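J.: The residues making up each chain are set out below.
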Amino acid sequence: MQNLITGLVMLFLTVSLYIVYLHKDRLKLKKALKKGSRNFLQNSIRIFAIFVIIGILQNFLSKESVGNFLLKFSGIKGILAGTITGAIMMAPVATGYPISSYLLENGATISLVSSFLASWVMIGIVSISLEIKNLGKRFTIARNLFAFISIIIIALLMEVLL
Amino acid sequence: MRNIFKEYVVEFIICAIAIILMLFNPNKVMAGLIYAVKMYISLFLMIFSIAFLSGFISEVIPPNTIAKIIGRESGWKGILIGAVFGTFMIGPSYVFYPLFRDLIEKGAGINIIATTIGAWAIKVQWIPFAVAILGWKFVLVFNLLIFIYAIASGFVVDLFTRS
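First to last, the sequence lines map onto chains A and B. Residue 110 in my numbering sits at position 110 of the first sequence, and the numbers go up by one each step. Residue 234 in my numbering sits at position 72 of the second sequence, and the numbers go up by one each step.
So that you can see chain A by itself, here it is in the shape it has in the complex:
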């Protein structure tokens, strides 16, 4: 539902931009339309491929198996295990909250749960090829490496603060 509303707002914005510009320069607008349709095809293929991996991963990794795997770790190893597992998980993070509460109920540390959730939303292994293609290698490496370090710091801080 939220996706639909946001999508409609964005569509409205895009269409208005095109309409407003209609009187100014039709040639440029034609170029924009051409580029837009090429973008649409290309982005659709790339994004759909990512959805396929997410869908398959979701069906092969059950909540219990992810939870039970993570429960084997604690301390700094727990933070690393949480980070790596979270980086693989890509579905909307709402599915991560029940796993997190399962972990906490079964004695996992706050730092493990924090690193798992933070990595879920901050690093996406599955979308890395898309990131490199659009934003470049340097950007991708710098951003993900810094995210990795930040996740460990956030996990440690959460343990101290909560």
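Calculated directly from the structure, the hints in this document are not laboratory data. No experiment lies behind these values; they were computed from the predicted model shown. Note that the Cβ used here is the ideal one computed from N, Cα and C, for glycine as well. Just so you know, not all the hints are guaranteed correct.
Per label pair, the in silico range of CB-to-CB distance [unchecked claim]: (1) B:I310 / A:I128: 19 to 27 Å; (2) B:Y202 / A:L145: 28 to 36 Å; (3) B:L242 / A:F60: 35 to 43 Å; (4) B:E169 / A:K31: 17 to 25 Å; (5) B:F317 / A:E105: 34 to 42 Å; (6) B:I166 / A:I19: 30 to 38 Å; (7) A:E105 / B:E169: 40 to 48 Å; (8) A:K63 / B:V293: 16 to 24 Å.
Start from chain A and add chain B according to the hints.
T.: Okay, now just chain B, sitting in the frame of chain A:
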């Protein structure tokens, strides 16, 4: 043909993996494919709009307009715009990467784009759900730390991509 393959190597690999997995467990792969189709439909309007919005930005909008609002020189105002946009936008951030690419080409600051992607990790729409499961304190501190990370990420990524 060779160009198409080169362009979509990753997608071909994903396709191959799906076919191989299909041999072992067709039900789970089918369920995964159905999930993918549902995701695509629910995000269709966003994907469609982003494609034509980036077409418009790259062909029509003059570079100085973008640079003025979210260029590197826009300072804290631009950083704040990026952080707020990232915090409140919904949908997966990677859907927006092609748009970010065109914005950078038109003069948007790399620091601001990195901050936007960083702030995307704050899922405003899920906060009520997260609070119900993990409690107020956890969610508040957690998202505050992510917000600080998002701002810092802009400076760090900018530093590493500039040299």
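J.: Any hints from earlier that this structure breaks? Give me their numbers in increasing order, please.
T.: Hints that this structure does not satisfy do not exist here, as all of them hold.
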